[in-house]
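If you want the building blocks of each chain, they are given just below.
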Amino acid sequence: MTPERVDPVADVLARAEALADDLDLRSVRAFKDAHPGALAVGHMPIYSPRPLFEALGCLPVAIFGGGDQLDIIRGDSYFQSYICHIPRSTIELGLSGRIATLDAMVFPSICDVIRNLGGMWKLLFPDRLSIYLDLPQNFDASIGGRFYAGELRRIARELESKGAKPLQAEALRQAIADENRRRECITALDALRHEDPSRVRASEAYTVVRAGAALTARAHADLIDEFVTAAKRRNVRHFDNVRVVLCGSFCEQPPLALIRSLEKAGCDIVDDDFQLGWRMIEGRMDVREGEDPVDTLARAYIEQGCPTASRYIADEVKGADLVARVRQLPADGVIFAAASFCDPALLDQPMLEAALRQQNIPFTSFKYAENTGQFQVIREQAGAFSDAVKLWGASA
Amino acid sequence: MTTTTTAAAATTDVSKDRSQARQKRMIADHFHKLEHAKETGKKVVYTFVPGNLTELIDALGMLPVLPEINALQSGMRKRSAEYIAEAEKAGHSEDVCTYVKCDIGMMKAGNIGPTGTRLPPPDLLLLSYTGCFTFMKWFELLKQEYNCPVVMLHVPYQADGVITNEMRQYIVDQLERVVIPAMENVAGKKLDMQELEKRLALSAKAEDDLVAVWESARHRPSPIDGYFGGVYYIGPIFSAFRGSEDAVHYYRELREEVTARMATGEGPVTPDGTTNEKFRIVVEGPPNWTHFYDFWRMFSREGATVVASTYTRVGGLYDLGFRHDSSKPLETLADYCLGCYTNMNLPSRIDLIERYIKSYDADGFLINSVKSCNSFSVGQLLVLRELEKRTGVPGGFVESDLVDPRYFGKANIDNRLQSYFQMLDAKKRKGAR
Amino acid sequence: MKCVVGIDLGSTTTKAVLLDERGSVIGQGITNSRSNYAVASAVARDEALTAARFTMLQRAFEEEQRLGAVETQTLLERLSACFRLEVYLAQLEQLGHEMSRLLAGEQYGRHRAETDAPARDILAECVRDAHLFFVPGARRRSDFFRDLAGAAFMAGAERRAREGQVVFERIVALFDRAIFDVETWLMNVEFATLLSRALDRAMPEVVTDAGRGETRKDIKAIVDRVATIPIEESSYVGTGYGRQTLPFPKEAVRSEILCHGRGAHRVFSGTRSVLDIGGQDTKALQVDDSGMVTSFQMNDRCAAGCGRYLGYIADELNIGLHELGPLALQSTKVVKINSTCTVFAGAELRERLSLGQRREDILAALHRSIVTRAMSLVARSGGIRNEFTFTGGVCKNPMATKVLSELIAEHYGSDIVINAHPDSIYMGALGAALFALDDLEAGRARLLPA
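Chains as they are written, first to last, in the numbering used here: chain R, 1 to 396; chain G, 1001 to 1433; chain U, 2001 to 2450.
Next comes chain R alone, as it looks inside the complex (with noise of 0.2 Å):
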């Protein structure tokens, strides 16, 4: 095979699938080898600030639940049928062992499954800590901002009280510095995919940023960045696919199969909110002269958080983000995805489709389930909105 056959991505590719695929999060307990005294600091979806975490000297670790690679033993008798399949898997996950290099889980307040998941987190595994993430709803930095800075704090003091690095000041600003960078490569990776989708597939950078899931900022950052520069080598193919925003999958996380379903039926992917934590903070944050950087990481999530539907709309018009990201990347349209009995997603969406109406902007909307094992169905309905759009375009 002569070299450039050979696809420039396909060996940082692999190893990104690899470190995505690590439910047994053996890339965890090696940190833990290689850093004595170390925390793993767990966090469900949507949002958690990571700088402080690894400030602590903490890996933090974000977890997904078991996607469709776990066998739901235990997990199942926990819940009743009418709630999503993420704590299933993430207590399944839990109670088979997998996790159990997690010193802490933290649970933030993007519903009341996750809420409540931290509830029964304490009494499974009382002898690791359970933290609650209270994001503030309100956006004044003089109340919510100082209340969010207080549980930043009060989260610090818990994981100090369990053994990580007391917090200093020095070691914030430096993780929010590697967060700022592995934000910037995030942001290239995803300028890349709105130039050209056939350069990097949605199902690409979807690993490419899951990987980072139990690394340092910095390592993600050098695994994106090498990433992209090799993404730009590639040779191309088309595909006369439409461009779509897809919306409503910032929790519980579609299988791969899917994506790559969507992407066989026509769908270029071009924006999305999987994984949105990653993304959560808009742009750099900058650490003022004299302050304290825990006020930073506050402030920036009050300034610089995006919205979605576990943040309050305040003064904002719903569904005016979408719009202008679709006006903007360009694309055709929306494609709706949202978890079975999401609340969020699916309590959120009737206001966002009313804003795109309003617009003309096409979108199709379905559920799935992270085990979903057959997309027939979602193949067909991709493929037909695709169509659609291609040959009517706004009027589909």
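Derived from the structure by calculation, the hints contain no laboratory data. Do not rely on the hints blindly, as some may be mistaken.
Mimicking EDC-like on lysine to aspartate or glutamate, the simulated pairs with C-alpha atoms at most 20 Å apart in a straight line are [claimed, not checked]:
#1 Lys2002/U x Glu2071/U
#2 Lys318/R x Glu303/R
#3 Lys2402/U x Glu2323/U
#4 Lys2250/U x Asp1272/G
#5 Lys264/R x Glu2351/U
#6 Lys2250/U x Asp1319/G
#7 Lys2217/U x Glu2062/U
#8 Lys1430/G x Asp2438/U
#9 Lys1428/G x Asp2289/U
#10 Lys1430/G x Asp1414/G
#11 Lys1205/G x Asp1319/G
#12 Lys1428/G x Asp2439/U
Following the hints, put chains G and U in place on chain R, whose structure we already have.
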């Protein structure tokens, strides 16, 4: 029959109706005011039961409307199925909370409330974000429909089972700098703190009597049903009337009636009349509203009285000691919101139910797992196992919904409940031998 | 003799179990459930009574020892088969009456003549061929009249329809209406009469003429005696759900969950955990050492995790339900099935077949999926304690039991004893009968309305 007994009986007969009659009048009054809100210039505030700031609303001369209560009323009056269908037709998912869909559907059908009169649109949506994620979406939806101001009060979650100063301060800050100013803006006047304090003091009085009513269930037989009967008792304290003189009278009268029943050893009035208390049950979870009486009958038929329930604490947990404290008006409002049942963490909820089972000497506990409500429902299977482990008392588990009749499988629920009561019966017999 | 009765009105079949006063099972009966619940109960009870009499016959023959052991068994088998034949013939006769009655009615009008003759012909064929269902070694799909007569009648109707003699739909409609009435008709022919006719058929086959006249007379005497021994029902309990009302007074009803637990425990006294995967629902129970249920969980809303799921799969593959297990056992490769939803079972199956996966492998995965769901329910109800009893139609599926054993060993250890019983379908009625015995002993017995 001696004269004293006759007199006592007479008093009981008369007083039995008094609190009920008062409540009827209070409700009718309230809806009358709502109906004429526009003419009288009264401003209307829509808000939620958990974390309801009734004293504040009333102190500013405004009228509260509680969409949750409208929804449950629609359920009881058999209107909810069509309302939900309307909402689903309009694109709302089958997976989401049926209170919301019922409300949306009711709105689309002209917003005719439970008393048959049109409900006024909101002048303000007071988004008391307490104990339930869906509340946020509900009012975002209503904001789109009504295009009126919304004010958010973020009540932090008691994740560790404690109220911290930071949590309290956050709420007080919001009240002072966001919520009250927004309300004043709509009301067209400034808040007179004394008016608020006055009402808070009245609330505390009523709360004392309410707790006495709850705790009467310790008596054998229990003079009240703390769940089915209980939902009628919480009306005044959880909705438009807390902080009013009327509410104080209501709970005083109710307490007297209940005390009188204790003296004569009567049980609560049920759809099957006054039954013999055979089983004492603690119930966790909201009731089903569309088949409320059918569900009640499945209990009363078997002589099962509910001695305590968690649902009747969603608008405030008073039996653990909380009272509105007029000397610290904003702090007390904060503590009130923070202490609502659905804002408690799962371990605390289990502790509470365990406490109820023990202190009310229950034979068993039952969980009504409701499809719509993730706040209540997620974790209930763990609650079931934990409580059985801790108390040794059998737990029953049924599944239904708030107001979507499609999710109340009468035969299935009947089967499960009958089996559960027969199980309790067999256990009792075995214990007796 | 005195007995107590337990009746279980299930969604597909109605079962009855008779116990003597000491609590031994003397008879069990089963019939297909039908819209008239009182009749279904009565028919099931009659079947159980029949079985009881055969039990008594067995005992009588063993005591009197007029025949050798093998001959006794053969005679009893043939007698039983011939009895069934007599019942079947009586029902066919009734079917004939019903069809005539219907044909005389107005709705047949001008079609009467053209339907009447073929209907009689088909019926005559059924009568003529009836004995074929009951010859030694014959395999019947079931003993239910509807199944036997239905198959025979349809075959005759199809043939004649093909030959243009009759309009298929019309004659089938006639049959459907008529059989409905037959099922609601309680046989008014005496048990003793039928048994006597059956003996007349069976005797010559087993006890041949040559010089055994005395033996035959003795046997006839035994049979006549046993056929008329009064059996007094002193107590009964009914169970079943999904009905508006059961045809029993409230005091005579016990929850089918409790009956099931009791019955399972009676058959396997070491039972502490029970899993019942029925056609329409699945239940997981914990019982104490006296067979009383201490906790339970039901899946009564979702087809996935119930037998119905397998039914859909069998339909999709166009094979018989009983073929699923054996086919799945031939799997050689592990395939992952993710969606457990019955609605998508068909789609998932088709997709995988089109991807080239083998039927056997997909089936194995589907079995694993349904059993895993059932295991979840078991975990919810409190897990598995020794011994574990597996009941319900699905327990006859060898793949299901294999997967179940594996999962139990994996999650609860290999010390767990797993019980399964071919007659587990009677466990609910057995439990009900035990409750009936309790009632009798406690002086609060109820009697089945005449």
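Cross-check of the supplied hints:
At roughly 30 Å between alpha-carbon atoms, Lys2002/U and Glu2071/U are farther apart than 20 Å, so this suggested pair is violated. With a CA separation close to 17 Å, the supplied pair Lys318/R and Glu303/R stays within the 20 Å bound. Between the alpha carbons of Lys2402/U and Glu2323/U the distance comes to roughly 15 Å, so the proposed pair stays at or under 20 Å and holds. With a CA separation close to 16 Å, the supplied pair Lys2250/U and Asp1272/G stays within the 20 Å bound.
At roughly 16 Å between alpha-carbon atoms, Lys264/R and Glu2351/U fall within 20 Å of each other, so this suggested pair holds. Between Lys2250/U and Asp1319/G, the direct Cα distance comes to roughly 39 Å. Violation of the 20 Å bound is thereby established for this hinted pair. With a C-alpha separation of about 17 Å, the suggested pair Lys2217/U and Glu2062/U falls inside the 20 Å cut-off, and the hint holds. The suggested pairing of Lys1430/G with Asp2438/U holds, with an alpha-carbon distance near 13 Å, which does not exceed 20 Å.
Using a Cα cut-off of 20 Å, the hinted pair Lys1428/G and Asp2289/U holds, with the two alpha carbons roughly 16 Å apart. A distance of roughly 24 Å separates the Cα atoms of Lys1430/G and Asp1414/G; the hinted pair therefore is violated under the 20 Å criterion. About 13 Å separates the Cα atoms of Lys1205/G and Asp1319/G, which keeps this hinted pair within 20 Å; it holds. A distance of roughly 16 Å separates the Cα atoms of Lys1428/G and Asp2439/U; the hinted pair therefore holds under the 20 Å criterion.
Checked against the numbered hints given earlier, this structure breaks hints 1, 6, 10; the rest are met.
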